[in-house]
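Protein chains in written order, with this note's numbering: chain A, 27 to 380; chain B, 27 to 380; chain C, 27 to 380; chain D, 27 to 380.
Among these hints, one or two may not hold up.
Identical copies carry no separate label here, and so any pair may be met within one copy or between two of them.
Unchecked claim - No farther apart than 30 Å at their CA atoms in a straight line, the calculated lysine-lysine pairs in the DSSO-like style are these: (1) K224 / K297; (2) K297 / K225; (3) K225 / K339; (4) K175 / K125; (5) K221 / K202; (6) K329 / K282; (7) K125 / K225; (8) K297 / K193; (9) K190 / K282; (10) K86 / K282; (11) K282 / K125; (12) K202 / K86; (13) K345 / K282; (14) K172 / K190; (15) K376 / K101; (16) K339 / K193; (17) K202 / K282; (18) K225 / K282; (19) K86 / K339; (20) K376 / K175; (21) K86 / K224; (22) K172 / K202.
The set of hints was computed from the structure by calculation and includes no laboratory data.
There are 4 protein chains.
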Amino acid sequence: MAGNTFGSIFKVTTFGESHGPAIGGIIDGCPSGLLLDIEAINTEMQRRKPGQSAIVTQRKEEDSVQFLSGVFEGKTTGTPIGFVIQNTNHKSKDYAHIKDTYRPSHADFTFDKKYGHRDYRGGGRSSARETACRVVAGAIAKQLLKDIKITAYVSAVGELSLNKSYKALDFSEIEKNPVRTADADMAKQMEQYIKDVKKQGDTVGGIISCVIENVPVGLGEPVFDKLHAQLGKAMLSINAVKGFEYGSGFSGTVMKGSEHNDLFNEDGSTKTNYSGGIQGGISNGEPIYFNVAFKPVATILQKQPTINSDGEKVEMMGKGRHDPCVVPRAVPIVEAMAALVLTDFWLLNKLSTL
Amino acid sequence: MAGNTFGSIFKVTTFGESHGPAIGGIIDGCPSGLLLDIEAINTEMQRRKPGQSAIVTQRKEEDSVQFLSGVFEGKTTGTPIGFVIQNTNHKSKDYAHIKDTYRPSHADFTFDKKYGHRDYRGGGRSSARETACRVVAGAIAKQLLKDIKITAYVSAVGELSLNKSYKALDFSEIEKNPVRTADADMAKQMEQYIKDVKKQGDTVGGIISCVIENVPVGLGEPVFDKLHAQLGKAMLSINAVKGFEYGSGFSGTVMKGSEHNDLFNEDGSTKTNYSGGIQGGISNGEPIYFNVAFKPVATILQKQPTINSDGEKVEMMGKGRHDPCVVPRAVPIVEAMAALVLTDFWLLNKLSTL
Amino acid sequence: MAGNTFGSIFKVTTFGESHGPAIGGIIDGCPSGLLLDIEAINTEMQRRKPGQSAIVTQRKEEDSVQFLSGVFEGKTTGTPIGFVIQNTNHKSKDYAHIKDTYRPSHADFTFDKKYGHRDYRGGGRSSARETACRVVAGAIAKQLLKDIKITAYVSAVGELSLNKSYKALDFSEIEKNPVRTADADMAKQMEQYIKDVKKQGDTVGGIISCVIENVPVGLGEPVFDKLHAQLGKAMLSINAVKGFEYGSGFSGTVMKGSEHNDLFNEDGSTKTNYSGGIQGGISNGEPIYFNVAFKPVATILQKQPTINSDGEKVEMMGKGRHDPCVVPRAVPIVEAMAALVLTDFWLLNKLSTL
Amino acid sequence: MAGNTFGSIFKVTTFGESHGPAIGGIIDGCPSGLLLDIEAINTEMQRRKPGQSAIVTQRKEEDSVQFLSGVFEGKTTGTPIGFVIQNTNHKSKDYAHIKDTYRPSHADFTFDKKYGHRDYRGGGRSSARETACRVVAGAIAKQLLKDIKITAYVSAVGELSLNKSYKALDFSEIEKNPVRTADADMAKQMEQYIKDVKKQGDTVGGIISCVIENVPVGLGEPVFDKLHAQLGKAMLSINAVKGFEYGSGFSGTVMKGSEHNDLFNEDGSTKTNYSGGIQGGISNGEPIYFNVAFKPVATILQKQPTINSDGEKVEMMGKGRHDPCVVPRAVPIVEAMAALVLTDFWLLNKLSTL
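In isolation and in its complexed conformation, chain A is listed as follows (with noise of 0.2 Å):
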């Protein structure tokens, strides 16, 4: 209800602000007899966290996990899984600067207004650190999902686009390269391209794509909570994300349903995949693939004019360790997120006949 829960069946709530002692989370519909990989939860961690490579944000969190329930002897029990995670880089001085400051095309104006009360320390708990427990419960539903596939990999930044089909991609290129782009070359391309942008004190932003593999069919609950439906709102639940398509996308609306429909073979697949692996909110079979907007940091280092709590002129000047790009270090939360959904409706699917 107030919006701290993803998810009917396997369901996490999380806490927590980037300057508290520490964020948060609770996974409530873990089935049980799940024997936990705790190395792939921090693989996943490591993948977000900040300061792993040159083009993302230098501040230094550790971002380890502490699991406090729902799992004895290594495996999940069926009760909640409970779990923090320290904040232990919280410099809160350095935000005095902004305590009574607007920031432009943050969400400090918004926060304010509809609370009346904020903690104004690097945006509370409108930063993206809370991000970190999405990783967390995503890392563990990867593994209830098995099978299932979920590559994420950046397709642009700013300018800069793969323009390429993902059949065309070698997905095994994705983790070699800071960008996380899944093409060598157009990597060092985008690397040079935010170091420059970063050296400008400047923010862009980009694209990051996803495709799941090995989707059985019949994730999906029409009619509102149709798959798409649900990936879309996952998606744009993430920091700084402005758009999603899926399939076709917003190419498919020039197409003709003569050219867009995706004919059968005899085994029930399709020849083409314009719908993205979802027919009527449901999946096929077929891949899903989507792509997800984001937006250029709001946070940059340059002086800007802004207001005040009390409505005057001033000027900020951002301070600080923050991502020139975010789309290389959002590949994981992109990836969590849709293992979330997918759980959630592979559960549910389970309910759906006799």
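Once you've looked at the hints, dock chains B, C and D against the given chain A.
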């Protein structure tokens, strides 16, 4: 859970198949004391209904809504509002030819696989007929929202696109043309284009844009139920939708932070509005605007190869009266879903502070 | 949220006032493939309906249910089941005398104060007419539960009490007498007593007991949604219910642990069953049994002083055809609510383990 | 869904096992701007905690709560309140003897069967230790409710019963005696009785009564979420509870309508209060009162025959430090759960009318 409820406070649950005796729904959570404007509800129903112009399906459906509860002496009572819409035009025989056939890019295959048993008459539950119930609920939501003005319009049909900011458009044009676009000249071109497509027995996609004005600051519930995340889900749950973007959307991904940031005026309004009226998932008082991508309708009046439920190749030919382009009739549906999202958050926001 | 939905997976939402055109509901989450036994549903409706014997209200209501969706060729399809029951006997004029009057121990006062506007015809939404919808949904739930046997019966009418364990009773007696008690002699006494009370224009309370046999181990979702907690809520949500106890109940409070503990047999069954078939909120395979306390019906055919909505003293005299004792007709309602609780937990329990 | 969340607006989700590193929870939906009285929260924790007197368990648990989020500069911020309570006294070795043994009338058997894998240390999730989290959340809810006064007290221990209406009691006595009953003489008798029972290595049940004063009219959401239905669920979800009755309760079943009806005074108050402050599921402004039945604690310090997980007969002997009677420590838990129910409905009721 099973996907037929939308909203958490102003909760709408719908039922009904295209060819059953009736469709309908229950609105639970509508505050008491609203003097219902039945005519306004009927007007919205007329905008959605088939047969209203030469460029939409020529099916005849009365689409007259009967309220069964929750309204007394003209006003809502706070108890659930039950309503039904009779299906007056369900010629089941029209659909005998598709009983065992999976129509390409329809939900026949996925519903059959998911549920093991489907109502094959016209798509059953996956038919867009269900959206009539959304329009009823949305029309009531609009009345609750009073001064909040929701305006949707067709901004593209195939390659024909308005290519203008909403600020440059004359919304008074929208209901004057059957396409529901906001430009008289473009309306004629689009209309002719849809007629041409129809003549070929084909269909085409399009884009609906929506602008919401006079929105109070504070709507939206981070971190998962951000205003734009819920809007995105709402739009993606509409039949044939493939994508959603708000504010700068996908085009924002190529911008720099220094360009994209919306600088404040002293009154808290912003000089630009790349944010699309939403910061951190919460409305900031600026106009909200977004685009919704619709694929071409899957039913075409051309011969198509396909398979039947035994996995055998068959040929099929679309019959009946279908929309060559779905966007003109989807305009009121987009508005209805936007109204449902805003109403839910407007009610919830009353509980944000002591 | 607004209180008209029961259940989390097998979700039942109802609407309707006693004197509107119809009542009805939507069941969302019923698995597909259930061959609906319509006759069994009608039988349950007959058990609840007015006018079936001399000791219940003589109102005439057809209570015939019409299914509008979710069922095709006799079987559930997995889509929402919409249904309506016409109100054929709503003589609004019967209620003109209470328009501005708050009847003692009715919900007139509280509904008026809460909503500021109420349907004064016969209690409107607070009328027990609404329970007809629960019986429809419960009858479907019973069919899903198959071998789980739910048996409710009247165990007390006023001071007349069976005072016997359910094991000592002959359940085949229940439907043979109009009181629905499980003992032929007591049935006659109770029947005569209700007739006497009726003659005096008065009403009397009673107790319904319920036994559930053949329950699989594992139903219930601790810690908040314990099986007995949800059963208690279900029963307390029925009109006129004042109390709920299961297993040893209130009489267990005077026992010692050494007496009360249910010792195990080697097969996991227990020698005694003070636990009432539930341990830690989860069914243990033993019979579940519980008691539900009903107050005397508030409408009496005697003059009573009361107040009107202006706070003025007035006299009122109950009119119309009311039940002198509500328990005989409430027996199928208790069973229906028990069936809804069990069905929800039975479905959820499929997701407990990998 | 999986049962670890209570409430729909003021939502409390808890996690934690008795012998894991910590228990805790998240409160989502607390309005911003509440100046948290931490001392008042600690006071409630002290009332629940073990070791506070000679008649309760002598386990030592610090039960000190740490808030991790949602509070800034002393006030709630509207973001989720995360909190943890360390388990300082978890001597797992105490429980080695029950690893494979199903203790009679405990949840060992049902948890094992439901989840196939359980935390056998002290009951794990089914331990009443979990209720510490409820007390934290309830203490915050109490602060939101301000003038609404919730008072619970022990009204019976075994056969020893107060047998007085709440109106005849002196609530100032409650915290003066370790039993938490509202009568000094009876307190001594009950205390002695509990000591005697303890000496025998046995346990005994009891009843807690609760009175809620200064309740505004209008709380409760018919038809399923009636105020008393939700109160009943809340109470029945507490460990060891076997029954719930409100107002006239089970004793109301032997009354006539002419006696039971609560006649109005001109100001809308009622001359009697058999209704227990609730009409039609909605508070009417009169005091709410109810009784909660607790069974004797299942752990007794006597030899008992039982079975192990292989279905073999074994003997067991309770060890450790257990409560001979649970009701003195359950008083703050009953109050906490009542506070959660009222807070939820108090918030929801703000949305009942335009």
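Outcome of the hint check:
1. For the homomeric pair K224 and K297, the shortest alpha-carbon distance between copies (25 Å) is at most 30 Å, but the shortest distance inside one copy (44 Å) is not.
2. Proximity of K297 and K225 under a CA criterion of 30 Å is satisfied inter-copy only: 27 Å between copies versus 47 Å inside one chain copy.
3. Only within a single protomer do K225 and K339 lie at most 30 Å apart by alpha-carbon distance; the minimum there is 27 Å, versus 60 Å between protomers.
4. For the homomeric pair K175 and K125, neither the shortest alpha-carbon distance inside one copy (44 Å) nor that between copies (34 Å) is at most 30 Å.
5. For the identical chains of this complex, K221 and K202 are intra-copy neighbours only, at 18 Å inside a copy versus 51 Å across copies, given an alpha-carbon limit of 30 Å.
6. Within a single copy, K329 and K282 get their C-alpha atoms only as close as 49 Å, which misses the 30 Å cut-off; across copies the closest is 15 Å, which meets it.
7. Taking the shortest Cα distances, K125 and K225 sit within 30 Å of each other inside one copy (27 Å), while across copies they are farther apart (61 Å).
8. Only within a single protomer do K297 and K193 lie at most 30 Å apart by alpha-carbon distance; the minimum there is 14 Å, versus 42 Å between protomers.
9. Taking the closest pair of Cα atoms, K190 and K282 come within 30 Å of each other both inside a single copy (22 Å) and across two copies (24 Å).
10. Within a single copy, K86 and K282 get their C-alpha atoms only as close as 51 Å, which misses the 30 Å cut-off; across copies the closest is 25 Å, which meets it.
11. For a Cα distance limit of 30 Å, the shortest separation of K282 from K125 across copies, 25 Å, qualifies, whereas the shortest one inside one copy, 54 Å, does not.
12. Taking CA atoms no more than 30 Å apart as the test, K202 paired with K86 passes inside one copy only; the shortest distance there is 22 Å, against 53 Å between copies.
13. Within a single copy, K345 and K282 get their C-alpha atoms only as close as 50 Å, which misses the 30 Å cut-off; across copies the closest is 18 Å, which meets it.
14. In this assembly of identical chains, the alpha carbons of K172 and K190 lie at most 30 Å apart only when taken from the same copy (27 Å versus 46 Å across copies).
15. Taking the shortest alpha-carbon separations for K376 and K101, both the intra-copy value of 22 Å and the inter-copy value of 19 Å come in at or below 30 Å.
16. With identical chains, the CA atoms of K339 and K193 are at most 30 Å apart between copies only, with a shortest distance of 27 Å across copies and 51 Å within one.
17. For the identical chains of this complex, K202 and K282 are inter-copy neighbours only, at 26 Å across copies versus 39 Å inside a copy, given an alpha-carbon limit of 30 Å.
18. Taking identical chains as interchangeable, the C-alpha atoms of K225 and K282 lie at most 30 Å apart only when they sit on different chains, with a minimum of 13 Å there against 45 Å within one chain.
19. For a Cα distance limit of 30 Å, the shortest separation of K86 from K339 qualifies neither inside one copy, at 33 Å, nor across copies, at 57 Å.
20. In the homo-oligomer, the alpha carbons of K376 and K175 lie at most 30 Å apart both inside one protomer (20 Å) and across protomers (24 Å), since each shortest distance falls under that limit.
21. Proximity of K86 and K224 under a CA criterion of 30 Å is satisfied intra-copy only: 18 Å inside one chain copy versus 55 Å between copies.
22. In this assembly of identical chains, K172 and K202 lie within 30 Å of each other by CA distance solely inside one copy; the values are 23 Å within and 54 Å between copies.
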